[in-house]
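*Asks:* Take the given structure of chain G and dock chain H to it, following the hints.
Protein chains: 2
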Amino acid sequence: MGLYSLNVLVSNTMRYQRLYFQQFIPAVALQASQRQMLLQSNARETVLTSHQRSASFARDLAAGKLNMKWICPYPTLKTEDDLKELNQLSDTVAKFFSEKVDSTKMDREANFDPAVIEGLKDMGLFGTQIPEEYGGLGLSNVQYARVLEEVSTDGAITVMLAAHQAIGLKGILIAGNKEQKEKYLPRLATGEWIAAFCLTEPSSGSDAASIQTRATLSEDGKTWLLNGEKIWITNGGFADIMTVFAKTQVEEANGELKDKVTAFIVERTFGGVTSGNPEDKLGIRASNTCSVNFENTPVPAENVLGEVGGGFKIAMKILNSGRFSMGSSVAGQLKRMLATVTEHATTRTQFGRKLSEFGIIQDKIFDMTLKIYAAESMAYMTAGQMDILDENGDPPDCSIEAAMVKIYSSEAAWSCGSECLQILGGLGYMKDMPYERMLRDARILLIFEGTNEILRLYVALSMMQYAGAKLQQRLKLAKQGDGRERWTAIMDLFREYMRVESSTKFLPNRSFGLTAPHATKTWLHDSMVNSGKMIEANVDSFRKRIYLNLRKYGKKIQDEQLVLKTFADIAINIYAMSAVLGRCNKAKILSLRNCDHEKLIATAFIKKTYKENLVLLESLLDPYPFDCKEESKRVCDAIIEERRYLCSHPLEVVHRYQEHPKYLEHLERIKLLRE
Amino acid sequence: MGLYSLNVLVSNTMRYQRLYFQQFIPAVALQASQRQMLLQSNARETVLTSHQRSASFARDLAAGKLNMKWICPYPTLKTEDDLKELNQLSDTVAKFFSEKVDSTKMDREANFDPAVIEGLKDMGLFGTQIPEEYGGLGLSNVQYARVLEEVSTDGAITVMLAAHQAIGLKGILIAGNKEQKEKYLPRLATGEWIAAFCLTEPSSGSDAASIQTRATLSEDGKTWLLNGEKIWITNGGFADIMTVFAKTQVEEANGELKDKVTAFIVERTFGGVTSGNPEDKLGIRASNTCSVNFENTPVPAENVLGEVGGGFKIAMKILNSGRFSMGSSVAGQLKRMLATVTEHATTRTQFGRKLSEFGIIQDKIFDMTLKIYAAESMAYMTAGQMDILDENGDPPDCSIEAAMVKIYSSEAAWSCGSECLQILGGLGYMKDMPYERMLRDARILLIFEGTNEILRLYVALSMMQYAGAKLQQRLKLAKQGDGRERWTAIMDLFREYMRVESSTKFLPNRSFGLTAPHATKTWLHDSMVNSGKMIEANVDSFRKRIYLNLRKYGKKIQDEQLVLKTFADIAINIYAMSAVLGRCNKAKILSLRNCDHEKLIATAFIKKTYKENLVLLESLLDPYPFDCKEESKRVCDAIIEERRYLCSHPLEVVHRYQEHPKYLEHLERIKLLRE
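Residue numbers (full-length UniProt numbering), protein chains in the order written: chain G, 1 to 675; chain H, 1 to 675.
Okay, chain G solo, but in the shape it has when bound (with noise of 0.2 Å):
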C-alpha cells in the first residue's frame, strides 16, 4: 500500500471516526438531575479534568482495558505481625458475639442490651477507622473488613456501628480540619459519644440534592440556625453528635445568591433537637431508627464541615467511601450460615437419605460457596487497593467499585439467605431458629447506602462518561496531536472502528495482558488461563456493546436505565470474575491451603459467569429479537395511568367461544382465505 492510499485510508477513517463518534460525545454533558443521580462530583471530576491520575478498574474497563495492577498481585497485609494482631483482634470479637449476644432477644424486643453496647466500647469498634492519635484502632480498609466479618453476626449492630462510624463521624475524618478532629473523635472512638449521619428527608431519599432543611447564618456571622426534619436517622434516637446536611445560601462568583448543601457538626446538646419514636422495621429491629428534628437548632459557625456549600459532595464522599465494608460483612455472615446450614442438611434425613446428597440441595451450598468466595475476593481486593496510597498521601477512588461491591454482596446475602431459610423447609419459617432474623435483616441492604438500582445506575453511568471522554481525547489528539501522537490515536481509532463493526472475527481477542505470552506479563497460574481467557472474551465484548451502544443512543443513553442496568450487571460480573482470578491465582501460586478446592470454585464461578455474561451481552444487540421495549412501554404507560391491572378477568366472558359470534366469523375467514 502506498503512501498516498494510506493517507486516504486515514483521511477516510478519520472521517468516519468523526461521524461515527461524534453522536455520542456530548454524552459527558450530563443534564443536572441526571448529575445528581451520578451521586460522585468526586468521581465525574477525576474524569474530566486529570486524566494523569490513575484510573480505576471499572474506569479503564469503560475504556476497554483490564487494570493489571488490581488484578495481580492480590492484596494482602504487610507483615506476619500485622497478621497475628488482625486474627487477635477478629478472634476477640467473635468470640464476644457468640458468647455475649443475643440476638433473638434484641430483635425481639427491638432494643440492645445495655451490656453489649459497653462490650463493643471494650473492644474499641466504634473507633475502628479513626486514627490511634485520636484514641481509635487506626484500622486500615483491609485490616476493618475482617473486623466486620466478625461484627456481622448481629445485623441491627453492624448497622448501629455503621450509623456511628462509616457515616456518621467519618464527615469528621474526612473533612474536618484540626480543631473539630480534636474536639469531636476522641469521645468518639470510646463510644461515649454515638455518631449519627442526618441526609435523607421525607422527599428527599436517593435524590439527596432535594434536601429541604435549611441553615441561615445570623448576622454577626458567629451561628447557623438549623431547621428542618430528618427521617429515618440510624442511631437517631440517641446520637450525641450529628453529620447534618442543609440548604444554605452561597454566594456564587459572579455575584448570584444561590442554594447549595452545607455539611454540619451538630451536637444534640445545641438545644431544639428532638427525635421521633423509633420505627418499627421488618429487620435489624434492634437498631434504632427514628426521625430527627430541627427546630431553631443553633450550631457554631466553626462546626461548618469542609466549605460553606460544599456539603454535597462531602455526603458523596462519605457515602462512596463506606459501601465496600458491605461485600465482607457478608460474605463473614454467609459463611457462618453456610456451616450452621451444612451441619442441618448432614444430619436431617428424608427419603431414606441425607439432605445433603440431594444433588438440589448441593447445588444450593455450591451457589452459596461461589458466592462468598464472589463476594470476599471483591471486598479484599477493593479494600486493598483502597490502602495504597498517593504519593499525596490520598486514596484512590474506588466508589465505581465500592457500589459493584454493594450490589453484589447485597443481592448474594438476600438469595442466600432466602435459600438458607429453604434447606431448612419450614423450620426455618420458625422464630425458633436465626435463618428468618438473618432474612429480613439482609433485605435492607438492597435499600440503604444507596438502593441498588441508583447504585447501578451510578455504576454504568461513569463508566459510559469516562469512555466518551476518553474517545473525545483520543479523537482530539488525531486530530491535534503531535506526529506520533496522532498517529497512535488514528490507528488506535482505526482499529476500533474495525473490531466493533466486523461480525466475523478477523481481528484475533484481545488480551488485555491476562494471558499474553510475555513472561513479564504473564502472572496467571497455568491452571487459571483458561478462566483467564474466558474474563477477556466478555471484556473484549463489552467494550465492543458499549461502542455500539453510545453510537445508537449518543447522549441519551443517559435515559436507557435497562441498557445501564444490563452495563452494570456485565460489569459487576467482569469485576467479580476478576477478583475471583485473582484471588485464587495468589493461592495457587502459593500452594495455599485449599488451593484445589479454591480453584475448584474459582472456575466454576467464572465458567458461570462468563455464560450469564453472554446472555446479558446478546440483549445490548441491536437488534435483539427478544427486545421487550416496546412491549413494555405501552403496557406501562396504560397502568400507570390507571394506577391498576388492566387485564380483563379470565372468567369475565362466559360464553364458550366457539359457539360465539365472532370467533365462527373468524373460522369462516380463515376458510376463505384457503379457497
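Don't take every hint at face value.
What the hints assert, rightly or not - In silico contact screen, one side only, chain G against chain H (beta carbon under 7 Å); selected entries:
1) Thr369
2) Ile444
3) Ser648
4) Leu651
Since the hints were derived computationally from the structure, they do not count as laboratory data. Note that this is a predicted model, so its numbers are computed, not measured. The beta carbon of each residue, even a glycine, is placed where N, CA and C say it ideally should be.
*Replies:* For chain H alone, coordinates are given in the frame of chain G:
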C-alpha cells in the same frame, strides 16, 4: 427405494432403536424411595396402567405432544348467571376484607380477631367446596379460585381456611363414605367445627411416607388407639376435626404383616389429644401453627378414611388437588399490590421526576404484570380442566399441572413482593406499610404444600416416567403390533431418531397443531401465530432433550436432580406460555376489553420465556461447555465432610507474592519455557 432396501432400513432402524432406547426403558422402574418422592401413587398408576385415560397437558408434553384441548378454548363459566353470582360473592368477600379485616393488627398480635372469623363463617367461606347438600357453597374449582383472589388479601386467613378445607376436610370429600360425610361436613361447612390436616412429624417433612405415628386396633376390632406427635399443624391449637395419618399393620395377600399408612378422622373430643404452644413464625403470624400430640387417642373403627392401609394415597390426593389454588390467590394479591405500588410510583418524585418515569421502576412494574398475567392464566386453565369430569364423573388428574402452578405462583409472590418493597425503598422496610408483612407471608408459599424443590422433582420425574412408558409402548407395537400399527410405530421411532440425532434441521420443526395451516385446527388469532411458533419451537427442543437425556442417563436420570430441575423449569415455562397464549387468544378473538393491552403482555411474556427456555435447553446438551457438575460435586463433598467454608482467608498469607520464593520459581519456569 425398493422393497428390499426399505426392509433393511426398517430392520436397521429397529436395531438402532433397540440399542438406543433400551437403556432408558427401565426408567419407569423406580426405587422405592424415589417412588415415594414422586408423591403421586395416583399419577403413576395412570401412566402405567391406563393409557386410555385422557392424558394431561404435562404428560402429553412429555410424550412430545401439545394438548390443544387445554389451550383452546380457554375455560370459562357456563352461563351469564354463573358469572353474575360469582361476581356477587367475590364482591362481598372483597368488601368484607377491605372493611373488616385489620391484617396489620392481627399480624402484630399473632391472633385472629374473633369478629373476623364470624364474618368468614357468615359468608360461608368455611365450606366453599363442600356440596350444597351438606350445607356448603358447592363451588367448582374455577369459582373457588375466583373467591380465593379476594381471600388472599390476608395471608394468615388464606392459610387458615386452606388448612381447614383444602386439606383438613378434603379427605372426607374425596374418600369419606356417606355416613362420614353426613356426620362431619355440615358442621364443617358452617365453620362450627374447624378442621386440620395432621401429616408432618419431626422426622418426616417432605418424606411423608416415613411417619412414626401409629394406630393399633383393639382386639374387638372396634377402636384404634392412636399414638404419636404431629408438628407444624395449621389450626392445630383449636381444630375440632383432624385428618390424621398413622402407620398401621396390614396383612398383605401373602400373609405377611406390613406397616402401611392409614388415614383417620379424629375428633378432639375423643380424648388424649393435646396441642403444643403456637409457633412464633416469620409470617402468616395470625394463623395458628402448633404440634398436636396423640396419646392413646381412641378412634372408632368407622372413622377410618378410605381403606386401612390406603392412607398414603389419600394424603397425596388431598395435597395434589389443592395446590392449583395458589395461582389465583397469589394473582389476586399481586393485582392489589400492583395498584398500590403504582400509586406510590406516580406520586413520589425523585431527581425531579416521578418514580414511574424511571425505566428501572417501569421494568419492575412490567415484570410484575407479566407474572400476574401468567399466574392467573395458569391458575384458571388448570382449575377449568379440573372442572371437566369424565364419563364416570371423575375429575382428571391434574396433579403435575397443579404443582407447576404452585411453583410458578409462589416464586412470583416472593420475587414481586420483594420488588414492591424495593419500589417503596426505605418506606417499604417499615411496618407502617403493608409490604414487609406481605413479603413475610409470601415466604411460606415456597415451603408448604410441598417444597418447590420436591415439587420440581415430582414434575420432572412424572414426565420422564411417562415419556419412558410411551416409548416402551411404541417399541412393543413395533415388535408385536398388527401390520398398520407396527408400521406406524416403526416410522414414528425412525422419525424420532432422525430428529434427535440430526444436528442440522433437515426436517422442519413440527407444528404440534398449534400453528398448523389446517383451518379446523387454527384456533389462533393472526396476531398470536408468532407466539405460537415460539412455543412450538420450545416444545420441539424439549422433546429432543428428553430423549437425549434419557439415552444418556437411562434410569439413573432419577439421581440427576439438577437435570430434572432444569426439565421442570422448562416444562413450567411451556405450561405458562401455553396458558398465556390460550387466554390471550380468547381475548383477541372475542375482542375483550383491553385485549390489545393483553396482547402486548402475552407477546412479551412468551418472547421472554422462550428466550429463557433457550438458555435452559442449551444447558441440557451434552457436552455443555459451562457445565460445573464436576466442580460442584468435589466442592460440596469437601464442604459436607468438614461442614464449613474451606477456602483460606484472602489475608491468610502476608507475603507480597512477587517476593515469594514460589512465585520467583514460577517466573523462572516461564522464562525457561520461552527459551
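*Asks:* If a hint holds in the structure, say so; if it does not, say that too.
*Replies:* Hints, verified against the model:
The interface hint given for G:Thr369 is met, as the beta carbon of that residue sits about 6 Å from the closest beta carbon of chain H, less than 7 Å. At about 6 Å, the closest approach between the beta carbon of G:Ile444 and any beta carbon in chain H falls short of 7 Å, and the interface hint on this residue holds. For G:Ser648, the shortest C-beta to C-beta distance to chain H is roughly 5 Å, which falls under 7 Å, so the interface hint holds. Nearest Cβ of chain H to the Cβ of G:Leu651: about 6 Å, under the 7 Å cut. The hint holds.
Of the hints listed earlier, there is not a single one the structure fails to meet.
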